[in-house]
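In terms of our numbering, the first sequence has 181 at position 179, counting the first letter as 1, and numbering is strictly consecutive.
Hints were generated in silico from the structure; no laboratory data involved. Predicted, not measured: the structure shown is a model, and the values here were computed from it. Positions of the beta carbon are idealized from the N, C-alpha and C atoms, including for glycine. Warning: the hint list may mix true and false statements.
As the list claims (entries may be wrong) - Below 20 Å or equal to it, Euclidean Cα-Cα: the simulated EDC-like pairs (lysine to aspartate or glutamate) are:
#1 161 <-> 185
#2 268 <-> 39
#3 9 <-> 48
#4 210 <-> 250
#5 58 <-> 27
#6 5 <-> 90
#7 210 <-> 195
#8 58 <-> 48
#9 191 <-> 59
#10 5 <-> 93
#11 191 <-> 73
#12 15 <-> 57
#13 124 <-> 93
#14 203 <-> 193
#15 203 <-> 174
#16 9 <-> 139
#17 9 <-> 66
#18 124 <-> 27
#19 210 <-> 196
#20 65 <-> 128
Stated by the list, open to error - Computed beta-carbon distance windows for the label pairs:
#21 143 <-> 86: 20 to 26 Å
#22 237 <-> 156: 41 to 47 Å
#23 161 <-> 29: 29 to 35 Å
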Amino acid sequence: MIKIINKDLNLRKIAQSGQCFRMNETAEGRFQLIARDRLLYLTALEDGAVFECTEKEYESFWKDYFDLSADYAAYRAAVDPSDAFLTEAAEEGRGIRILRQDPWEMLITFIISQRKNIPAIKACTEALCGRWGVEIEDTGLHSFPVPEALAGASDDDLKHCSLGYRVPYVRDAARMVSEGRIDLEAIAKLDDEELLEALMKVPGVGPKVGNCVSLFAYHRIAAFPIDVWIGRMVDEHYGGRFPVERYEGFAGIMQQYIFYHALQTKNK
DNA sequence: GCCCAGGTGACGG
DNA sequence: CCGTCACATGGG
3 MIKIINKDLN LRKIAQSGQC FRMNETAEGR FQLIARDRLL YLTALEDGAV
53 FECTEKEYES FWKDYFDLSA DYAAYRAAVD PSDAFLTEAA EEGRGIRILR
103 QDPWEMLITF IISQRKNIPA IKACTEALCG RWGVEIEDTG LHSFPVPEAL
153 AGASDDDLKH CSLGYRVPYV RDAARMVSEG RIDLEAIAKL DDEELLEALM
203 KVPGVGPKVG NCVSLFAYHR IAAFPIDVWI GRMVDEHYGG RFPVERYEGF
253 AGIMQQYIFY HALQTKNK
């Protein structure tokens, strides 16, 4: 058990922030998270969280996964004080962190995400995991399927996961990765622009999905994905263009605060 | 029945 | 370069 006290670590906000689809609050203040081949349970604290794992697991994996070396208070302090909207969004989103998730999983889940709401994305993801993932130590829970597993799936089987018109996107992306036509590890060394370009060679990946993968898998915190929600917020509060230059190098953090704020507002 | 969801690719101008 | 449109599926 690892207890982390940190005012910028809020499990519920992270789970609801739309960046991850396999972190769920299974009981009040208790969270289940599946990442790569790992299953983790966590408990929310007022300011922080308890990680149910060994110190070694925390230090070697989860600390980095939750980006716990970064100072999010500093990011929030950079918010333009004359920008009342972002000031409020950043305060509301205090506790959100940008996770370092698996590139392959992010690629597929964000290809699926287009024209779906978050519950639907989660349902599709769980369907894929249940059908082609590997069970994690007799828990009945499954890891996200490896590329070869999805590459070998039939279109008909994929269709039963409610992928709709995205079936060819998922199938072709899986083939590209499993055949080595895109190397998701190797492209990590590219700069932001080249990385986005490489990701967008995958069918079904445009600027929005590419930026989400850059941000949530490769931790390119300058990436600023624009979806319908962000688009609305930017139109409404910034006349159509967010001042990314004011947040040079970390606009993606601001993007996440704005996205969370938009979802919270909708859910009221 | 309608509208919408963390968009993209094809097509025509 | 731009704008428009179809693309499955499920929930409100």
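We went through each hint and held it up to the structure:
Under the criterion of a C-alpha separation no larger than 20 Å, the hint pairing residue 161 with residue 185 is inconsistent with the structure, at around 26 Å. Restraint check: the Cα-Cα separation between residue 268 and residue 39 comes to about 34 Å, which exceeds 20 Å; the hinted pair is violated. For the given pair, residue 9 sits about 8 Å from residue 48 by alpha-carbon distance, which is consistent with the 20 Å threshold. With a CA separation close to 19 Å, the supplied pair residue 210 and residue 250 stays within the 20 Å bound.
Simply put, residue 58 and residue 27 have alpha-carbon atoms about 24 Å apart, too far for the 20 Å limit, and the pair is violated. Our distance criterion of 20 Å between C-alpha atoms is broken by residue 5 and residue 90, whose separation comes to about 29 Å. Straight-line distance between C-alpha atoms of residue 210 and residue 195 comes to about 13 Å, which keeps the hinted pair within the 20 Å bound. Straight-line distance between C-alpha atoms of residue 58 and residue 48 comes to about 24 Å, which puts the hinted pair past the 20 Å bound.
The straight-line distance between the Cα atoms of residue 191 and residue 59 is roughly 25 Å, outside the 20 Å bound, and the hint therefore fails. Between residue 5 and residue 93, the direct Cα distance comes to roughly 23 Å. Violation of the 20 Å bound is thereby established for this hinted pair. Of the pairs offered as hints, the one joining residue 191 and residue 73 is violated, with about 24 Å between alpha carbons and a cut-off of 20 Å exceeded. Straight-line distance between C-alpha atoms of residue 15 and residue 57 comes to about 24 Å, which puts the hinted pair past the 20 Å bound.
Between the alpha carbons of residue 124 and residue 93 the distance comes to roughly 27 Å, so the proposed pair goes past 20 Å and is violated. Between residue 203 and residue 193 the CA atoms are separated by roughly 16 Å; this keeps the pair inside 20 Å, and the hint holds. Between residue 203 and residue 174 the CA atoms are separated by roughly 11 Å; this keeps the pair inside 20 Å, and the hint holds. Between residue 9 and residue 139 the CA atoms are separated by roughly 33 Å; this puts the pair beyond 20 Å, and the hint is violated.
Pair hint residue 9 plus residue 66 holds up; C-alpha atoms about 17 Å apart against a cutoff of 20 Å. Distance check on the hinted pair: residue 124 and residue 27 sit about 13 Å apart at the alpha-carbon level, within 20 Å; holds. Taking the CA atoms of residue 210 and residue 196, the gap is near 15 Å; set against the 20 Å cutoff, the hint holds. Distance hint between residue 65 and residue 128 is unfulfilled; the C-alpha atoms sit about 25 Å from each other, more than 20 Å.
For the pair residue 143 and residue 86, the beta carbons lie near 43 Å from each other, so the given range of 20 to 26 Å is not met. Remark: the range hint 41 to 47 Å for residue 237 to residue 156 is upheld by a beta-carbon distance near 42 Å. Distance hint check: the CB atoms of residue 161 and residue 29 are about 34 Å apart, consistent with the given range 29 to 35 Å.
Violated hints for the displayed structure, listed by number in ascending order: 1, 2, 5, 6, 8, 9, 10, 11, 12, 13, 16, 20 and 21.
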